[in-house]
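There are 2 protein chains.
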Amino acid sequence: MKIAILGTGMVGNALGTKLVQLGHDVIMGSRTAGSEAGRDWLKSVGGKARIGAFDEAATFGKIVLDCTNGANSLAALRQAGEANLRGKILIQISNPLDTSKGMPPTLTVCNTDSLGEQIQREFPETRVVKALNTINCAVMVEPSLLSGDHDLIICGDDAAAKTQVTALLGEWFGWKKENIIDLGNISASRGTEMYLALWIRLWGVLGTPHFNIKIVR
Amino acid sequence: MKIAILGTGMVGNALGTKLVQLGHDVIMGSRTAGSEAGRDWLKSVGGKARIGAFDEAATFGKIVLDCTNGANSLAALRQAGEANLRGKILIQISNPLDTSKGMPPTLTVCNTDSLGEQIQREFPETRVVKALNTINCAVMVEPSLLSGDHDLIICGDDAAAKTQVTALLGEWFGWKKENIIDLGNISASRGTEMYLALWIRLWGVLGTPHFNIKIVR
Numbered sequence: 001m002k003i004a005i006l007g008t009g010m011v012g013n014a015l016g017t018k019l020v021q022l023g024h025d026v027i028m029g030s031r032t033a034g035s036e037a038g039r040d041w042l043k044s045v046g047g048k049a050r051i052g053a054f055d056e057a058a059t060f061g062k063i064v065l066d067c068t069n070g071a072n073s074l075a076a077l078r079q080a081g082e083a084n085l086r087g088k089i090l091i092q093i094s095n096p097l098d099t100s101k102g103m104p105p106t107l108t109v110c111n112t113d114s115l116g117e118q119i120q121r122e123f124p125e126t127r128v129v130k131a132l133n134t135i136n137c138a139v140m141v142e143p144s145l146l147s148g149d150h151d152l153i154i155c156g157d158d159a160a161a162k163t164q165v166t167a168l169l170g171e172w173f174g175w176k177k178e179n180i181i182d183l184g185n186i187s188a189s190r191g192t193e194m195y196l197a198l199w200i201r202l203w204g205v206l207g208t209p210h211f212n213i214k215i216v217r
Numbered sequence: 001m002k003i004a005i006l007g008t009g010m011v012g013n014a015l016g017t018k019l020v021q022l023g024h025d026v027i028m029g030s031r032t033a034g035s036e037a038g039r040d041w042l043k044s045v046g047g048k049a050r051i052g053a054f055d056e057a058a059t060f061g062k063i064v065l066d067c068t069n070g071a072n073s074l075a076a077l078r079q080a081g082e083a084n085l086r087g088k089i090l091i092q093i094s095n096p097l098d099t100s101k102g103m104p105p106t107l108t109v110c111n112t113d114s115l116g117e118q119i120q121r122e123f124p125e126t127r128v129v130k131a132l133n134t135i136n137c138a139v140m141v142e143p144s145l146l147s148g149d150h151d152l153i154i155c156g157d158d159a160a161a162k163t164q165v166t167a168l169l170g171e172w173f174g175w176k177k178e179n180i181i182d183l184g185n186i187s188a189s190r191g192t193e194m195y196l197a198l199w200i201r202l203w204g205v206l207g208t209p210h211f212n213i214k215i216v217r
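For the record, the sequence lines run as chains H and C.
The first sequence stops at residue 217 when you use the numbering used here, and every number in between is there.
The second sequence stops at residue 217 when you use the numbering used here, and every number in between is there.
Honestly, the hints are just simulated from the structure, not real lab data.
Incorrect hints may appear among the rest.
Any copy will do: because identical chains look the same in the list, a pair fits if it lies in one copy or spans two.
[To be verified] Cut-off 27 Å, straight-line C-alpha distance, at most; resulting in silico cross-link-like pairs (DSSO-like, lysine-lysine):
1) K177 to K48
2) K214 to K176
3) K176 to K43
4) K101 to K177
5) K88 to K177
6) K177 to K214
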């Protein structure tokens with residue numbers, strides 16, 4: 001499958017590497033073509049992938065993973081290009097973290113809006129599925145890293161896209177269908193993004209980013 | 001133990017009733033002394049408690065449980081009186097939910113501040129422990145209602161107060177010490193209050209408010 005990863009940070013690296021290992025045709029996009037971070041990643045996967053600017057990546061990918069820094073996601077997607085993203089599933093992973101005022105970060109948008117919604121509004125013909133934003137990237141690609149069942153919460157306006165993403169997360173990373181909770185339309189991004197305020201503090205207290213929540217009934 | 005419950009809503013009722021059943025000397029406070037909701041509750045516990053205005057309740061209680069409507073908590077606590085709350089532990093349960101603009105509610109304060117912090121700032125000599133705000137009141141008083149272990153997240157500036165609250169939650173309701181996570185100082189209220197945006201949507205999707213999260217490592 002032709003997959004575009006937007007973003008050369010930790011999340012893009014983890015997802016990109018795993019997808020290359022699975023034999024997919026992966027391109028990693030960045031603000032500038034041939035960025036140092038992109039070249040480093042390409043080297044780390046033995047050259048078995050491509051790198052390019054955001055628009056090249058979005059054009060190449062049949063499915064697009066937004067692993068950008070949340071504060072820059074909209075700018076990155078604009079550069080990727082509305083036409084190149086049209087009709088495609090965008091797995092929207094980034095969180096609108098504002099680290100400019102110190103730690104712990106606050107959110108650049110929350111409560112009455114969310115990054116997921118901002119992106120879906122600006123790219124109405126892209127099938128945005130907010131997913132994976134509630135966990136560390138090591139857990140994203142290997143849910144079995146944690147002991148026992150735990151849940152992933154996704155949302156989006158396009159039901160078929162959510163079904164497809166649920167299947168892909170199973171196929172790619174081993175996420176069990178019964179551990180993926182559909183929280184509703186894209187406005188539910190407010191819930192999963194605002195959870196970051198809790199997640200970040202739990203990270204501090206637990207001393208590891210390798211954790212997740214299980215919904216107990 | 002002399003316990004003050006501030007608020008006559010669903011949470012105040014559930015906690016008050018359980019504490020009366022345990023044989024504690026409970027007073028339920030409301031904005032006006034002898035409120036209808038207060039009288040109804042008093043009748044429901046067979047008259048084995050007291051009711052009064054917020055200030056009477058705060059004066060009587062050796063420990064105070066804030067079960068008010070979050071949008072009115074500060075006003076209620078002002079009426080309870082700073083002097084009457086001085087030196088006491090305040091288990092601060094309410095969330096700053098704004099239901100005035102329809103469902104799902106938003107928060108009246110979040111991201112860079114929280115209700116827990118607002119209260120601790122305004123009542124610096126009260127030992128505020130934010131607790132129980134991440135679960136439905138039926139689960140608060142009976143954690144065994146859910147199948148399997150699940151976690152309660154508390155925070156506050158006063159370590160001794162948190163230790164005491166942890167012990168009381170075990171004694172009163174059966175919360176196991178190992179399932180109570182201390183998230184740090186009162187600013188961590190931002191995390192547990194912002195989690196409500198997720199909790200409310202999970203309630204809708206799960207079709208029941210009787211759930212909680214377990215932290216899986």
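Hint check results:
no., hint, in the structure
1, K177 to K48, "neither (30 Å within a copy, 50 Å between copies)"
2, K214 to K176, "both (13 Å within a copy, 18 Å between copies)"
3, K176 to K43, "neither (32 Å within a copy, 50 Å between copies)"
4, K101 to K177, "neither (38 Å within a copy, 35 Å between copies)"
5, K88 to K177, "within (22 Å within a copy, 48 Å between copies)"
6, K177 to K214, "both (14 Å within a copy, 19 Å between copies)"
In this structure, the hints that do not hold are numbers 1, 3, 4, in rising order.
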